[in-house]
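The numbering used here applies: residue 249 is where the sequence shown begins, and numbers increase by one.
If you are wondering where the hints come from, they were derived from the structure by calculation, not from laboratory data. Just so it is clear, the structure is predicted and the values come from calculations on it, not from any experiment. The beta carbon of each residue, even a glycine, is placed where N, CA and C say it ideally should be. Warning: the hint list may mix true and false statements.
[As the list claims (entries may be wrong)] With a straight-line Cα cutoff of 20 Å, these simulated SDA-like cross-link-like pairs (lysine to any residue) come out:
| no. | residue 1 | residue 2 |
| --- | --- | --- |
| 1 | Lys-354 | Phe-396 |
| 2 | Lys-385 | Ser-282 |
| 3 | Lys-260 | Met-249 |
| 4 | Lys-328 | Gly-273 |
| 5 | Lys-252 | Gly-357 |
| 6 | Lys-252 | Thr-281 |
| 7 | Lys-328 | Thr-264 |
| 8 | Lys-385 | Leu-366 |
| 9 | Lys-252 | Leu-283 |
| 10 | Lys-398 | Ala-257 |
| 11 | Lys-354 | Lys-398 |
| 12 | Lys-262 | Thr-298 |
| 13 | Lys-260 | Lys-398 |
| 14 | Lys-320 | Gly-357 |
| 15 | Lys-398 | Tyr-251 |
| 16 | Lys-252 | Lys-398 |
| 17 | Lys-320 | Gly-347 |
| 18 | Lys-385 | Thr-368 |
| 19 | Lys-320 | His-375 |
| 20 | Lys-320 | Leu-283 |
| 21 | Lys-328 | Ala-309 |
| 22 | Lys-260 | Phe-396 |
[As the list claims (entries may be wrong)] Distance ranges between label pairs, derived from CB positions:
| no. | residue 1 | residue 2 | range |
| --- | --- | --- | --- |
| 23 | Leu-399 | Lys-320 | 21 to 31 Å |
| 24 | Glu-261 | Glu-379 | 28 to 38 Å |
| 25 | Asn-381 | Thr-298 | 12 to 22 Å |
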Amino acid sequence: MEYKDLLDALIKEKLTLSSMESLTGGLFASTFTSLPGASNVFHGAAVTYTDAAKRSFNVPASIISTYGAISKECAKEMAKQAANFYQSDIAVSFTGNAGPAESENKPVGLVYIGIKFLETLEVYELHLSGERNDIRKQCVDFAFSTLFEKLQ
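Let the sequences and hints guide you as you build the complete structure.
Here's what the structure looks like:
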């Protein structure tokens, strides 16, 4: 699958997309919007790198304090709130630890990717390896291919 395949599938199905990103720092949105025609389906993205930024997008403080920002619960809320804020059919979220050191007592490479697809919301737990930017790119690649599969 090429990145453009996801864009073409979204256009064909008349579905819109948004994202809320932490460890990827906007890499998903940047990659998607580099595609000509992305403006037909992409509603927006938030880089919520800090807990305070996540809370500003209505991720409950109780989720972060109970489970941590690096958690399936946080990824779920991030995807839900991105879809709400940007009024998109589909939203993807990224939270995790790209390194170089442990964070929240969670290992480097532990990543949660939330995908709100119409009325369903799933969170994927990944255990990735590699350098910081390798992990970030693996997250983006996983999201592109998973979204594309859901559209098939």
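Evaluated hints:
no., hint, result
1, Lys-354 with Phe-396, "29 Å, violated"
2, Lys-385 with Ser-282, "15 Å, holds"
3, Lys-260 with Met-249, "16 Å, holds"
4, Lys-328 with Gly-273, "18 Å, holds"
5, Lys-252 with Gly-357, "27 Å, violated"
6, Lys-252 with Thr-281, "10 Å, holds"
7, Lys-328 with Thr-264, "14 Å, holds"
8, Lys-385 with Leu-366, "25 Å, violated"
9, Lys-252 with Leu-283, "7 Å, holds"
10, Lys-398 with Ala-257, "10 Å, holds"
11, Lys-354 with Lys-398, "29 Å, violated"
12, Lys-262 with Thr-298, "33 Å, violated"
13, Lys-260 with Lys-398, "13 Å, holds"
14, Lys-320 with Gly-357, "14 Å, holds"
15, Lys-398 with Tyr-251, "14 Å, holds"
16, Lys-252 with Lys-398, "15 Å, holds"
17, Lys-320 with Gly-347, "18 Å, holds"
18, Lys-385 with Thr-368, "25 Å, violated"
19, Lys-320 with His-375, "13 Å, holds"
20, Lys-320 with Leu-283, "29 Å, violated"
21, Lys-328 with Ala-309, "15 Å, holds"
22, Lys-260 with Phe-396, "12 Å, holds"
23, Leu-399 with Lys-320: 21 to 31 Å, "23 Å, holds"
24, Glu-261 with Glu-379: 28 to 38 Å, "35 Å, holds"
25, Asn-381 with Thr-298: 12 to 22 Å, "20 Å, holds"
When each numbered hint is compared with the structure, violations occur for hints 1, 5, 8, 11, 12, 18, 20.
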